[in-house]
Amino acid sequence: MNWEIEIVLFICLLIAAFVSLYVKNLLTAVITLSVFSFFSALIYVAMGAIDVGFTEAVVGAGITGVLLIIAIYRTNRRSSD
Amino acid sequence: MKIVNYLIMIIFSALMIYASLSLPDRGDAYAVLNKEKSLAQTQNAASYYIHNAKKDAETENMVTVILADYRGYDTLGEETVILTAGLICFLLLRIEKNKNGKKKR
Amino acid sequence: MERKKDNPIVSLVSRTVSPFIMLFALYVIFHGHYSPGGGFQGGTMLAAAFILIRLSLGMETSQLQFKSSWATPLGSAGVLIYFGTGLVALLFGGNFLDYGFIPFTGTVAENRSIGILCIEIGVAIAVMAIMVSIYDDLLKGSPDD
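Chains as they are written, first to last, in this note's numbering: chain A, 100 to 180; chain B, 240 to 344; chain C, 2 to 146.
Bear in mind the hints are in silico, worked out from the structure with no lab data behind them.
One should not assume that every hint holds.
[Unchecked claim] Cβ-Cβ distance ranges computed for the label pairs, FRET-style: (1) C:Pro9 x A:Val107: 34 to 42 angstroms; (2) A:Ile169 x B:Ala268: 43 to 51 angstroms; (3) A:Ile169 x B:Tyr269: 47 to 55 angstroms; (4) C:Arg16 x B:Ile250: 51 to 59 angstroms; (5) A:Ile149 x B:Ile334: 37 to 45 angstroms; (6) C:Ile10 x A:Asn124: 23 to 31 angstroms.
From the three backbone atoms N, C-alpha and C, an ideal C-beta is built for every residue, glycine too.
Chain A with its partners taken away, still in its complex shape (with noise of 0.2 angstroms):
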């Protein structure tokens, strides 16, 4: 039924997981990050748990982005490891 949807996105997850892992500017590793928590959203839509879906997307899509955003402007931007 619907379970290749759902694999697609699973993939797109690990790829975005391991992108904001390995990455050395940190901006990007938060642009990714912010991507993780789309397609994790993505993934509580097509399993039927829309209410967890919409926090996810508002909060770890929006909110977080911009916070952590604000944290490496008051520290480093490059990753000392």
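The hints should help you fit chains B and C onto chain A, whose structure is shown.
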């Protein structure tokens, strides 16, 4: 050292996949949680909510009824947690300067 | 955060989009009885609309819209609305947070429905104020300068 990290990661994910194989399918009507009666022949909470949520509070959305009405204390606690987090950020981070350039809290 | 020159495209687009985000947030809050959504989601979207203005137009201009000093009293007021709804139910003879006893209108079920609406408004106000407050604190309080 990196090999050990990857080994631990692979072992852990294999363990999680093995554990997830014995979970019931999503939306399985014959799983224990989704039945009308529990193992002790009492009514399950989920089936009670599905049958009575519209009757108790004239609200179509069952999630709202559960969050705000049946589990009102939980939402009150969550509210208090958010307020406390904001107040702690206020106390720790906000440093304003006086007119003569001195820092004050 | 030091800002470069004001970009007219960014300021125009953010000023145009922000009221629509607010309108959709109010729809999410007040239509939470019938569709997915509710106080937390709607409050966070309201906060996102305020933060968009703060990001694009700067701190001084956005103080005209929402002062930083309003945030903490509004957050406390939201929690007090929630708590007061429960307390009114206690005064009219029910248990704490038992909305059926508040005499809004008519039957017990309708009372419960309007009680849910009241506490969702409280949740939305508190979450909105606290999110904007956290943003202001992170931006303002730098330990160095």
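For each hint, the structure was consulted:
The beta-carbon spacing between Pro9 (chain C) and Val107 (chain A), approximately 40 angstroms, falls within the hinted interval of 34 to 42 angstroms. At about 48 angstroms, the CB distance of Ile169 (chain A) to Ala268 (chain B) agrees with the hint of 43 to 51 angstroms. Hint check: Ile169 (chain A) to Tyr269 (chain B), Cβ distance near 50 angstroms, so the stated range 47 to 55 angstroms holds. Here the CB-CB span from Arg16 (chain C) to Ile250 (chain B) is close to 54 angstroms, well matched to the stated 51 to 59 angstroms.
For the pair Ile149 (chain A) and Ile334 (chain B), the supplied restraint of 37 to 45 angstroms holds, since their beta-carbon distance comes to about 42 angstroms. Checked against the given bound of 23 to 31 angstroms, the beta carbons of Ile10 (chain C) and Asn124 (chain A), roughly 25 angstroms apart, stay inside it.
Hint compliance for this structure: no hint is broken.
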